[in-house]
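**Student:** The numbering used here numbers the first residue of the sequence shown as 1405 and each following residue consecutively.
Just so you know, the hints here were simulated from the structure itself, not pulled from any lab data. Note that the coordinates shown come from a computational prediction; the quantities given were computed from them, not determined experimentally. Hints should not be assumed to be uniformly reliable.
[Stated by the list, open to error] Under the rule of at most 30 Å between Cα atoms (straight-line distance), these lysine-lysine pairs were calculated in the DSBU-like manner:
id	residue 1	residue 2
1	K1585	K1878
2	K1590	K1883
3	K1654	K1878
4	K1432	K1556
5	K1522	K1535
6	K1597	K1585
7	K1883	K1594
8	K1472	K1411
9	K1597	K1584
10	K1559	K1472
11	K1594	K1584
12	K1585	K1881
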Amino acid sequence: MAKKLDKVDVVTVGVGWTGGIIAAECAKAGLKVVGLERGEERGTEDYQRIHDEYRYAIRYELMQDLSKETVTFRNRRDQKSLPMRQMGSFLLGEGLGGSGTHWNGWTFRFLPYDFEIKTMTEKKYGKNKIKRDLQLQDWGITYDELEPYFDKFEKVAGISGENNPLGGKRSDDYPTPPMKKTPILKKFEKAAKDKGYTPYMIPSGNLSETFENPDGETIYACQYCGFCERFGCEYGAKSAPEVTVIPTAKKTGNYEYRVHSNVVEILKKGDKVTGVRYVDTITREEFIQPAEVVVLTSYVLNNAKLLMVSDIGEQYDPETGRGTLGKNYCYQVNTGTTGFFEHQMNTFMGAGALGMYMDDFNGDNFDHSDLDFLHGGGIWIVQSGNRPINSNPVPQDVPLWGAEFKKASIHNFTRSLYVGGQGASLPHKENYLSLDPTYKDAYGLPLLQMTYNFTDQDRALHQFISDKTAEIMKEMKPKEMVEANALTDYDIVPYQTTHNTGGTIMGGDPDTSVVNNYLQHWDADNLFVVGAGNFPHNSGYNPTGTVGALAYRCAEGIIKYSQDGGSLV
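Build out the structure end to end from the sequences listed, making use of the hints.
**Tutor:** Rendered as structure tokens:
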């Protein structure tokens, strides 16, 4: 029998960036907020002396325990879906701060084109340009409408950056200047500019200088130690929820979070939700947390799963095209070129977002009239700090084991660079999320099932971006280059990117979206769903900056709802 707790104004499911932002804004507005986090408590003091690549970057100690909950995967509907038994293609965060604890810090704004992709594409190229089975749709909000929320997130996070010459208009500069432009970055910059392109410093959550944000929280200057991605920052120099928004929420006296609290059901009565049911993962006790407003702020996949197991919304059916829940699951198309050089470079120091980016082939910044794909990707170089276990690039004629490999690996550790490409992912009718009919998690709930494969759109875009990365690398004058192989089927085993999107998409019409542009659920006006799952497609960028902006938009909506109730649109 579940123990019923005292009712609160707002309960969030997950305490990462989105849960922290919702908590801080609502608590400052006087609302009583509880955050439920299924992972453990952690903070800056817990990250001391953890420069252990094997423990954190290889064995994923800060990530979700897949023995308790995972996802099942198949490329096509006619295949049997099987569980992902160890982390591979993407890394699922868990614990206070969520994925915001161990992210790299790349903090972009999606392009104006992204938010109105269907309208802008049809206006410029005609309706026939959108291939059959691509489910493109506008987001129900424009870049200009979202710009103030981008600005707010960047200031709270203290983002270090410079203007993107091909991005949307900004109302203000970044709050801190860009990171150091190292010799490696200057080499990329010169090559890109010599080809006529417009590189700029990556907007970074690894701060270039100590900064006090508008809420009075201090984020320290980056030490360029090279242990960002998959690690927490012991210096408090990486903008993360546990050093920014979570302390802000706690200072109000209106917020508490509970760790080891795994939400297993959203409770609903009529057209309202009434709270959530959760399990203490240590004692196995069950609790009911009543709330006036429920906000799903966990990872993309868990947000969708919770709605499905709670039977809220109509699940997407690829056969009929009906339903929206689980629809438009997207990923990204990643590629790049490795160059081997004669001279040594300082490749072992760096920071997660110490790099340069160019958007000349991102979005619709170039003409697609004679191309067989839409959108594009960003091209980049990053000096994130090579670590010895995962960083062993060798030329193609070197075996991947033995004495020759060891010798070549040591020689090239400081003599190789990588120019990468991060391509957009457009929604296809056969790529979606659903519940697995066979496998269950440790709490008796069905696992989330992922049906996903790369498409002809992806393959054409991959080849185009691959060629551009090779072009820039060639301009950097390596003695040898290794280009990416052609894109085949999606494989969930090798790591690619933790940029999963879709499944709980936003829009202006309940027939084609799960939530409105305040991220308020169409079927229950006191339920909000926040995260990259709201993206109707994925862009050629990292998602966190856009997720942060949407979270601030959502927080504003929740505060309005607490005062007036009803639909916000």
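**Student:** All hints are to be evaluated individually against the structure, with a verdict given for each.
**Tutor:** Each hint, compared with the structure:
Taken as a hint, the K1585 and K1878 pair is honoured in the structure, with Cα atoms around 21 Å apart against an allowance of 30 Å. At roughly 18 Å between alpha-carbon atoms, K1590 and K1883 fall within 30 Å of each other, so this suggested pair holds. Among the hinted pairs, K1654 with K1878 is inconsistent with the structure: their alpha-carbon atoms are about 52 Å apart, more than 30 Å. With a C-alpha separation of about 15 Å, the suggested pair K1432 and K1556 falls inside the 30 Å cut-off, and the hint holds.
Straight-line distance between C-alpha atoms of K1522 and K1535 comes to about 12 Å, which keeps the hinted pair within the 30 Å bound. For the hint linking K1597 to K1585, the alpha-carbon distance of about 15 Å falls within 30 Å, and the restraint holds. Restraint check for K1883 and K1594: satisfied, since their Cα atoms lie roughly 18 Å apart, inside the 30 Å limit. For the hint pairing K1472 with K1411, the CA-to-CA distance comes to about 29 Å; that is within 30 Å, so the pair holds.
Restraint check for K1597 and K1584: satisfied, since their Cα atoms lie roughly 19 Å apart, inside the 30 Å limit. Restraint check for K1559 and K1472: the C-alpha separation of about 37 Å exceeds 30 Å, so the hint is violated. This hinted pair checks out: K1594 and K1584 have alpha carbons roughly 16 Å apart, not beyond 30 Å. With a C-alpha separation of about 20 Å, the suggested pairing of K1585 with K1881 holds against the 30 Å cut-off.
Going down the numbered hints, you'll see the structure goes against 3, 10, while the others check out.
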